[in-house]
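Spelled out from the first residue to the last, the chains are:
Number of protein chains: 2
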Amino acid sequence: MSGEEEAPTQQQHQQPGQERTPDEPPPSPPAAAPSSSSSSPAAEEEPLSCRALVLTGYGGYDKVKLQVKTQRRARLQAGEVLVRVKACGLNFAELMGRQGLYEPLPAPPVTMGMEGSGVVEAVGEDVEDRRVGDRVIAMSRFGMFQEVVVVPADRTFPMPEQMSFEEGAAIPINYLTAYMMLFEMANVRPGKSVLVHMAAGGVGIAATQLCQTVPDVTVFGTASASKHETIAQGGVTHPIDYRTKDYVEEIRKISPKGVDIVLDPLGGSDTQKGFNLLKPLGTLIVFGAANCVTGQKKSLLAMMKTWYNQLSLNTMKLMQTNKAVCGFHLGYMAEDQLIDRAMRELLELYRQGKIKPRIDSCYHFEEVADAMRRMHDRHNIGKVILLPEPKKPGENVEKTEAADNKTKEEAATEEVKAEKD
Amino acid sequence: MSGEEEAPTQQQHQQPGQERTPDEPPPSPPAAAPSSSSSSPAAEEEPLSCRALVLTGYGGYDKVKLQVKTQRRARLQAGEVLVRVKACGLNFAELMGRQGLYEPLPAPPVTMGMEGSGVVEAVGEDVEDRRVGDRVIAMSRFGMFQEVVVVPADRTFPMPEQMSFEEGAAIPINYLTAYMMLFEMANVRPGKSVLVHMAAGGVGIAATQLCQTVPDVTVFGTASASKHETIAQGGVTHPIDYRTKDYVEEIRKISPKGVDIVLDPLGGSDTQKGFNLLKPLGTLIVFGAANCVTGQKKSLLAMMKTWYNQLSLNTMKLMQTNKAVCGFHLGYMAEDQLIDRAMRELLELYRQGKIKPRIDSCYHFEEVADAMRRMHDRHNIGKVILLPEPKKPGENVEKTEAADNKTKEEAATEEVKAEKD
Chain A
1 MSGEEEAPTQ QQHQQPGQER TPDEPPPSPP AAAPSSSSSS PAAEEEPLSC
51 RALVLTGYGG YDKVKLQVKT QRRARLQAGE VLVRVKACGL NFAELMGRQG
101 LYEPLPAPPV TMGMEGSGVV EAVGEDVEDR RVGDRVIAMS RFGMFQEVVV
151 VPADRTFPMP EQMSFEEGAA IPINYLTAYM MLFEMANVRP GKSVLVHMAA
201 GGVGIAATQL CQTVPDVTVF GTASASKHET IAQGGVTHPI DYRTKDYVEE
251 IRKISPKGVD IVLDPLGGSD TQKGFNLLKP LGTLIVFGAA NCVTGQKKSL
301 LAMMKTWYNQ LSLNTMKLMQ TNKAVCGFHL GYMAEDQLID RAMRELLELY
351 RQGKIKPRID SCYHFEEVAD AMRRMHDRHN IGKVILLPEP KKPGENVEKT
401 EAADNKTKEE AATEEVKAEK D
Chain B
1 MSGEEEAPTQ QQHQQPGQER TPDEPPPSPP AAAPSSSSSS PAAEEEPLSC
51 RALVLTGYGG YDKVKLQVKT QRRARLQAGE VLVRVKACGL NFAELMGRQG
101 LYEPLPAPPV TMGMEGSGVV EAVGEDVEDR RVGDRVIAMS RFGMFQEVVV
151 VPADRTFPMP EQMSFEEGAA IPINYLTAYM MLFEMANVRP GKSVLVHMAA
201 GGVGIAATQL CQTVPDVTVF GTASASKHET IAQGGVTHPI DYRTKDYVEE
251 IRKISPKGVD IVLDPLGGSD TQKGFNLLKP LGTLIVFGAA NCVTGQKKSL
301 LAMMKTWYNQ LSLNTMKLMQ TNKAVCGFHL GYMAEDQLID RAMRELLELY
351 RQGKIKPRID SCYHFEEVAD AMRRMHDRHN IGKVILLPEP KKPGENVEKT
401 EAADNKTKEE AATEEVKAEK D
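Protein sequences appear in the order of chains A and B. Mapping the first sequence onto the UniProt record's numbering, position 120 (from 1) lands on 120, and the numbers just tick up by one. Mapping the second sequence onto the UniProt record's numbering, position 345 (from 1) lands on 345, and the numbers just tick up by one.
Label pairs and their in silico Cβ distance ranges: (1) K253(B) x Y332(A): 23 to 29 Å; (2) A107(A) x Q233(B): 52 to 58 Å; (3) D241(B) x A334(A): 28 to 34 Å; (4) K356(A) x R131(B): 51 to 57 Å; (5) V248(B) x E395(A): 55 to 61 Å; (6) Q233(B) x E161(A): 51 to 57 Å; (7) R351(A) x T244(B): 53 to 59 Å; (8) T244(B) x G57(A): 55 to 61 Å.
Chain A stretches covered by chain B per the calculated footprint, using a threshold of three residues with CB under 8 Å from any CB of chain B: (9) 268–281; (10) 314–325.
These are calculated hints, taken from the structure and not from any lab test. Every residue, glycine too, gets a C-beta built ideally from N, C-alpha and C.
Could you build all of it, start to finish, from the sequences and the hints given here?
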């Protein structure tokens with residue numbers, strides 16, 4: 001990481017029309033994305049000033065700019081709601097998107113962000129089940145990193161009373177991904193074993209919690225040693241330090257026959273290893289290619305290595321081993337019904353106290369580079385949250401104990417970085 | 001089919017030592033196979049005469065010979081039982097094995113057969129849960145096509161009282177395959193849709209019946225038109241004549257988004273089609289390569305075509321489509337615990353009247369060529385059974401109404417064949 005340029009995020013002012021808004025159909029795939037203005041010609045009076053995190057080009061952290069868009073407040077279309085965003089979830093997809101490695105994100109300039117929570121400020125015609133003042137979770141293919149968004153009402157989900165905005169913003173991507181992989185694709189049942197890579201990450205923690213809802217499920221979780229205590233408390237049966245040990249060997253020592261389910265966000269040679277670790281009737285689910293992301297900018301070498309080591313499959317091999325290989329990516333899921341059902345189920349599990357997002361840290365929009373760096377360097381335990389509200393003078397970044405659990409080495413690395421900023 | 005040599009099966013007499021017995025470890029993979037004699041040196045008095053169907057080399061129907069082995073009756077090993085076989089199930093694997101296309105079958109000479117039913121005639125030491133006189137289903141990797149077999153007691157399953165020997169012999173391979181695919185791999189749930197190829201075959205009928213145990217499951221089943229009435233009665237929601245229609249088009253007409261589960265015993269280009277037919281979160285399970293078997297003997301062209309058209313997968317494609325691809329083959333399943341649990345469940349479903357094997361026809365051992373031809377030509381609706389007992393003079397082959405449902409064309413083809421025999 002050292003040696004790369006890092007520019008602090010500067011607040012910029014931007015006029016409408018300079019940036020791709022979701023109203024222009026993105027080149028691929030069809031998006032149900034929010035907009036801070038509607039294209040309706042019948043605009044209303046009050047002008048709308050809106051801070052937004054805009055990807056201005058592919059590259060390092062400096063490509064994500066905080067811009068202030070000043071737009072006329074447009075009338076909502078039928079079925080839409082206007083949400084004042086209180087918290088957004090940062091995802092690995094945005095780190096990849098910044099490097100030009102995330103296909104569902106339209107080309108820059110584009111407002112990033114796939115999930116958030118906030119308060120309904122206005123409702124369009126034909127919206128019956130949302131009211132002004134409702135606290136909601138909102139989802140979108142992109143465009144959530146802004147103070148005010150317009151989304152279809154059916155892409156919002158009322159938040160349980162006891163849920164904080166930070167928790168609400170941490171639910172959709174991580175928990176839907178974990179839920180659909182474990183219960184729609186892999187069919188976790190009592191007695192099964194699951195390998196969760198990056199067990200301290202957002203999906204990792206969600207998957208671990210969801211595994212706890214089924215009796216007698218063994219979770220092998222990889223994470224650096226400093227995070228083991230936390231993930232063990234969270235339900236990981238066997239934490240494994242992937243930095244100092246071969247996780248395949250460690251798992252074989254405990255379970256010589258391997259595991260029933262592997263959740264693989266890494267790609268490349270780890271997919272091969274995961275496939276080999278499967279028991280008969282076992283399921284490997286690939287849901288990312290984190291191995292592609294090494295430095296701050298797109299690395300052709302890392303991509304080639306990941307592609308070269310990609311699992312190549314033929315059905316004969318699958319038959320001879322009785323194994324299943326699946327791919328999952330919420331960004332390519334256009335099935336709203338499936339998503340709705342899973343969200344309802346997840347919010348019910350939250351109400352019952354069976355799941356609870358772990359917030360690693362919260363960063364204001366102007367600190368997005370720090371937020372992305374924290375995630376890139378895998379310092380987070382749980383979800384990294386972005387707050388649209390400007391940072392108050394003298395306010396420090398909220399951190400959980402995760403930050404204090406760092407190894408000395410990690411802390412030293414961060415100090416060096418801090419000096420450079 | 002015409003133009004190929006067909007030699008009627010001749011009864012041959014064979015002495016011990018001429019044929020591979022399962023006591024010699026087969027070259028691949030380790031087999032839990034029955035033997036008509038044990039290698040124990042402490043042999044008992046009474047000599048044992050045993051009719052067996054032996055594959056004598058790879059090729060056409062004439063390579064399967066009915067032989068009479070005369071062997072000393074050996075003492076059972078601990079944990080073994082001796083079963084007098086009353087009925088055996090014929091499987092597509094044996095048709096492939098005859099052509100040298102089924103790897104789990106050891107090289108000829110070898111007694112074929114993976115499933116049967118009969119009566120326990122003797123039990124070895126340490127066998128506590130089987131008694132002389134018990135009616136049991138028996139499974140093995142090969143060697144079941146003989147009058148008397150020795151198998152480990154734990155590879156036998158007591159038959160429900162109302163179950164016939166023919167039904168018992170029809171259960172293991174077809175129903176375990178269907179059960180494990182639908183419930184272990186694919187997780188069929190209410191509201192799902194399933195494409196069952198060869199819906200009038202053994203696995204097809206088993207899969208259709210098992211789908212009925214879950215509410216509101218739609219079954220698309222391919223079969224030739226003459227079988228549609230029967231499979232519709234058996235639970236196929238939409239029978240499709242794959243001979244005269246494009247099944248992909250037919251399914252898209254009814255369900256434009258495709259299906260949730262495809263069970264694919266065909267391989268080659270049908271696997272590609274099946275993959276494309278899957279809805280998001282859908283599962284394709286390949287469990288055979290019937291497209292490899294065209295004529296009576298191994299066809300390099302058919303094999304090459306099947307291999308060439310084999311689905312080649314990369315995990316990126318799976319992620320972008322949110323799909324799962326699995327392989328299943330009972331012949332490669334060494335997990336006895338999983339098989340035991342599934343068998344117990346299946347026998348319970350039989351007791352409850354929820355599943356019932358459909359016996360297409362029964363052939364005596366000496367008629368094995370006719371039995372294989374019936375299956376090869378896809379004339380069967382349900383299971384083809386082999387009977388070890390010699391055919392009585394004047395006895396006709398038992399046929400179900402399936403035989404009478406033949407199209408005129410099919411009947412004409414058979415007449416031509418009968419004249420040639």
